[in-house]
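Given only the sequences and the hints, what does the whole structure look like? Please build it.
Next come the chains, spelled out residue by residue.
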Amino acid sequence: MLKIKNLHVKLEEEDKAILKGVDLDVPAGKVHAIMGPNGSGKSTLSYVLSGRDGYEVTDGEVALEGEDILELEPEERAAAGLFLAFQYPVEIPGVGNMTFLRTALNAQRTARGEEELSAADFLKLIREKAASLKIDADMLKRPVNVGFSGGEKKRNEILQMAMLEPKMCILDETDSGLDVDAMRLVADGVNALRDAGRAFLVITHYQRLLDHIEPDVVHIMADGRIVKSGGPELALEVENNGYADILAEVA
Amino acid sequence: MALPQAKLDTTEARLAALSLPESGAWASEARGSALERLKSMGLPGRRDEYWRFTAPDTLNAVDAPEAALFDGDDNPAFCDLDRLCIVFRDGVFDAEASDDLALEGVEVLRLAEATGQDIHWAKDLYGVLEARAHDPVPRPFAALNTAFATDGVVIRATGKVSKPIHLRYLHEKTDSDAILHFVVRVEKDADLTILEGGPAAARFNKCMEVDIADGGAFHHVRLQGRDHERRAVTHLFARLGEASTFKSFTLTANGRLTRNEAFIELTGNDAVAHIAGAAVGDGDFHHDDTVFVTHDAVNCESRQVFKKVLKNGAVGTFQGKILVKAGAQKTDGYQISQSLLLDEDAQFLAKPELEIYADDVACSHGSTSGAIDEEALFYLRSRGVPDADAKDLLVLAFLAEAIEEIEDDDIADDIRDRLEGWLSRHRA
Ligand SMILES: Nc1ncnc2c1ncn2[C@@H]1O[C@H](COP(=O)(O)OP(=O)(O)OP(=O)(O)O)[C@@H](O)[C@H]1O
Ligand SMILES: [Mg+2]
Numbered sequence: 011m012l013k014i015k016n017l018h019v020k021l022e023e024e025d026k027a028i029l030k031g032v033d034l035d036v037p038a039g040k041v042h043a044i045m046g047p048n049g050s051g052k053s054t055l056s057y058v059l060s061g062r063d064g065y066e067v068t069d070g071e072v073a074l075e076g077e078d079i080l081e082l083e084p085e086e087r088a089a090a091g092l093f094l095a096f097q098y099p100v101e102i103p104g105v106g107n108m109t110f111l112r113t114a115l116n117a118q119r120t121a122r123g124e125e126e127l128s129a130a131d132f133l134k135l136i137r138e139k140a141a142s143l144k145i146d147a148d149m150l151k152r153p154v155n156v157g158f159s160g161g162e163k164k165r166n167e168i169l170q171m172a173m174l175e176p177k178m179c180i181l182d183e184t185d186s187g188l189d190v191d192a193m194r195l196v197a198d199g200v201n202a203l204r205d206a207g208r209a210f211l212v213i214t215h216y217q218r219l220l221d222h223i224e225p226d227v228v229h230i231m232a233d234g235r236i237v238k239s240g241g242p243e244l245a246l247e248v249e250n251n252g253y254a255d256i257l258a259e260v261a
Numbered sequence: 007m008a009l010p011q012a013k014l015d016t017t018e019a020r021l022a023a024l025s026l027p028e029s030g031a032w033a034s035e036a037r038g039s040a041l042e043r044l045k046s047m048g049l050p051g052r053r054d055e056y057w058r059f060t061a062p063d064t065l066n067a068v069d070a071p072e073a074a075l076f077d078g079d080d081n082p083a084f085c086d087l088d089r090l091c092i093v094f095r096d097g098v099f100d101a102e103a104s105d106d107l108a109l110e111g112v113e114v115l116r117l118a119e120a121t122g123q124d125i126h127w128a129k130d131l132y133g134v135l136e137a138r139a140h141d142p143v144p145r146p147f148a149a150l151n152t153a154f155a156t157d158g159v160v161i162r163a164t165g166k167v168s169k170p171i172h173l174r175y176l177h178e179k180t181d182s183d184a185i186l187h188f189v190v191r192v193e194k195d196a197d198l199t200i201l202e203g204g205p206a207a208a209r210f211n212k213c214m215e216v217d218i219a220d221g222g223a224f225h226h227v228r229l230q231g232r233d234h235e236r237r238a239v240t241h242l243f244a245r246l247g248e249a250s251t252f253k254s255f256t257l258t259a260n261g262r263l264t265r266n267e268a269f270i271e272l273t274g275n276d277a278v279a280h281i282a283g284a285a286v287g288d289g290d291f292h293h294d295d296t297v298f299v300t301h302d303a304v305n306c307e308s309r310q311v312f313k314k315v316l317k318n319g320a321v322g323t324f325q326g327k328i329l330v331k332a333g334a335q336k337t338d339g340y341q342i343s344q345s346l347l348l349d350e351d352a353q354f355l356a357k358p359e360l361e362i363y364a365d366d367v368a369c370s371h372g373s374t375s376g377a378i379d380e381e382a383l384f385y386l387r388s389r390g391v392p393d394a395d396a397k398d399l400l401v402l403a404f405l406a407e408a409i410e411e412i413e414d415d416d417i418a419d420d421i422r423d424r425l426e427g428w429l430s431r432h433r434a
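In the order they appear, the protein sequences are chains Y and D. The opening position of the first sequence corresponds to residue 11 in this note's numbering, with each subsequent residue numbered one higher. The opening position of the second sequence corresponds to residue 7 in this note's numbering, with each subsequent residue numbered one higher.
Calculated directly from the structure, the hints in this document are not laboratory data. Every residue, glycine too, gets a C-beta built ideally from N, C-alpha and C. There could be a bad hint or two in this list.
Unchecked claim - Cross-link-like lysine-lysine pairs, in silico, DSS-like; alpha carbons within 27 Å at most:
no., chain 1, residue 1, chain 2, residue 2
1, Y, Lys151, D, Lys397
2, Y, Lys134, Y, Lys163
3, D, Lys357, Y, Lys163
4, Y, Lys177, Y, Lys15
5, D, Lys253, Y, Lys151
What the hints assert, rightly or not - Some chain Y residues close to chain D (C-beta under 8 Å, calculated; not the full set):
no., residue
6, Leu82
7, Glu85
8, Ala89
9, Val100
10, Thr113
11, Ala114
12, Gln170
Stated by the list, open to error - Okay, the calculated beta carbon distance ranges per label pair:
no., chain 1, residue 1, chain 2, residue 2, range
13, Y, Asp25, D, Glu55, 48 to 54 Å
14, D, Ile378, Y, Glu66, 20 to 26 Å
15, D, Asp423, Y, Val260, 58 to 64 Å
16, Y, Asp25, D, Phe76, 50 to 56 Å
Have a look at this one:
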């Protein structure tokens, strides 16, 4: 689904390399996790994949279902099936959550040459998805993320993902700031979307999320590279011993 | 104090080209004293404190600068509503095109007719609120209006008026120079809505005096004409009695020069005055809101919400003041003026002021100027919303606080649609 080859990224504004040769292959139907120390480049990777300004790709390739996406605009990547659940979801005063989601969903459908969803069908769909994430009608009416608690913002990200049904879902620390029950809701939301045609890249600091969303592969990122990959046991090792051993071993 | 020579010259030149319209006794007197007021303050100059942001020369000029007609307006505002429509063509009342002025709960008379009769409520208002509004800031164009207004209507609401009164201003001559004056009296517990729309003339000077008795309510929604080259200086003077309500919203899209002045006095306890404006300008566009709200009673609320979206050299200015007089305790005053600059050529100049002489009040004001929020833009795009649509969404979101001041949901929706249309026609 997502193939990253030798990706090098630096900041546009200054000569600072952040990603220094990332290789990653996430096949359809699989869940891959990325762990790694603060500042190792995990969020940068997720932003570069979704097309945010401010970064310059100096080398490497990124393909989504075989198509190079690095030249695409963020909205084109979204329409192609890429989704990022933000580490820090953005508040947008004045734009209603519903209006936002409906505009986004229909824009993606239009871009793919599909029919727009009618207002009634949209309402039915969003009510159903919101209920399963325990997001109430009031939250849907409020401006996007404005005044939402940390956990509410993260659930809202998952609601967007459930509505947009992307093929490649990147979750950047969606578990941070969640209480135990919210974590389970989010994990259930993700698991409900798991299927053979969809892949996940889950960025997290904690093993706990991976108890609920079982990864097929765990990668460790350090200083802008994937330095080690393994099975779910790798996450346990990080949880128990921290990164020191792993980093020493690959150094 | 003697006026500077330049001011004298400008004023004399303008006055030489104007003549006082024929009026009955009381009106002649009102016009005469307005003329004296004008002579003593003189027409504005760039050095005047409240004209530093806006050049008055085209408003001062003897002849109105030409303004091409705009023929793209196939959907004029408010025309689908059930309303009493009063049409002015280049500043002249058009009886044929207007509705019958008879309507339950309200008296409407053409100004010329009213000034020929002894109508005390009109007499007690014409030029009276205007005359109160020159301290501390002179408003010479308003005095000029009272003296030389050639047309207009006087309106007196005595009950809940069943439909809005729509003042429709058509612009058909490229060199028209219109001076219209309106007097509005909202009697005790009466409720009146006035809608205004259209470019009016190449140059338009308008004055509306609104006196709201205890418990009365006045609602006002205005759409200034889309003609790109028109110029306008407008004045809204209001005096609020006890527990009365004043709500005004103005949308300005296009126009070479617009100066909207307001002077609102809360003179009865528990009164509420909200005044809001949304302005969108692309290119040769200068928009000026000069708004003074005076609290002179206890427990009153006022809100000023002004938002401007500017691009491609457009200029927006805001001068706003909340004055709380001694004794106006429990005042709740709010003022916000903000601009969204869509590129680096646009400009916003603001002079927000608070002057408070009472101790138990809650007043706040703020003024900001900024660009589109890049974080929000990326967030929207990352969900699949195309760049241009995402920007439009954010612009509308920016304007939302002003549009929310419109109480009628259908009119608010209509205004949102018009803004969306404007935005889609003015992309990049
Ligand atoms: N726009 C920027 N300007 C300056 N430095 C940046 C910018 N973006 C990222 N960086 C730097 O790049 C490095 C990687 O940051 P990134 O946010 O990708 O880390 P992360 O792995 O997601 O960390 P965390 O676990 O704390 O979320 C950090 O040193 C960060 O300070
Ligand atoms: Mg991060």
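Going down the list of hints, with the structure as the test:
With a C-alpha separation of about 21 Å, the suggested pair Y:Lys151 and D:Lys397 falls inside the 27 Å cut-off, and the hint holds. Distance check on the hinted pair: Y:Lys134 and Y:Lys163 sit about 22 Å apart at the alpha-carbon level, within 27 Å; holds. The straight-line distance between the Cα atoms of D:Lys357 and Y:Lys163 is roughly 37 Å, outside the 27 Å bound, and the hint therefore fails. Using a Cα cut-off of 27 Å, the hinted pair Y:Lys177 and Y:Lys15 holds, with the two alpha carbons roughly 20 Å apart.
For the suggested pair D:Lys253 and Y:Lys151, the alpha carbons sit about 26 Å apart, so the restraint of at most 27 Å is met. Given hint, Y:Leu82 at the interface with chain D, is violated; its Cβ is 11 Å from that chain's nearest Cβ, farther than 8 Å. With a cut of 8 Å, the hint placing Y:Glu85 at the interface with chain D holds, because the nearest CB-to-CB distance is about 5 Å. Taken as an interface hint, Y:Ala89 checks out: its beta carbon lies about 5 Å from the nearest beta carbon of chain D, inside 8 Å.
Interface hint at Y:Val100: satisfied, since its Cβ lies 4 Å from the closest Cβ of chain D, which is below the 8 Å cut-off. Restraint check, Y:Thr113 versus chain D: the minimum CB separation of about 6 Å is within 8 Å; hint holds. Because the smallest distance between the Cβ of Y:Ala114 and any Cβ of chain D comes to about 4 Å, under 8 Å, the interface hint for this residue holds. Annotation: interface hint on Y:Gln170 holds; nearest CB of chain D at approximately 6 Å, less than 8 Å.
Between Y:Asp25 and D:Glu55 the CB atoms are about 50 Å apart, so this pair conforms to the stated range of 48 to 54 Å. The hint said 20 to 26 Å for the Cβ distance between D:Ile378 and Y:Glu66, and at roughly 22 Å that hint holds. Between D:Asp423 and Y:Val260 the beta carbon distance is about 59 Å. The supplied range of 58 to 64 Å therefore holds. In this structure the supplied range 50 to 56 Å holds for Y:Asp25 paired with D:Phe76, their Cβ-Cβ distance being about 52 Å.
Hint violations for this structure: numbers 3 and 6, all remaining hints satisfied.
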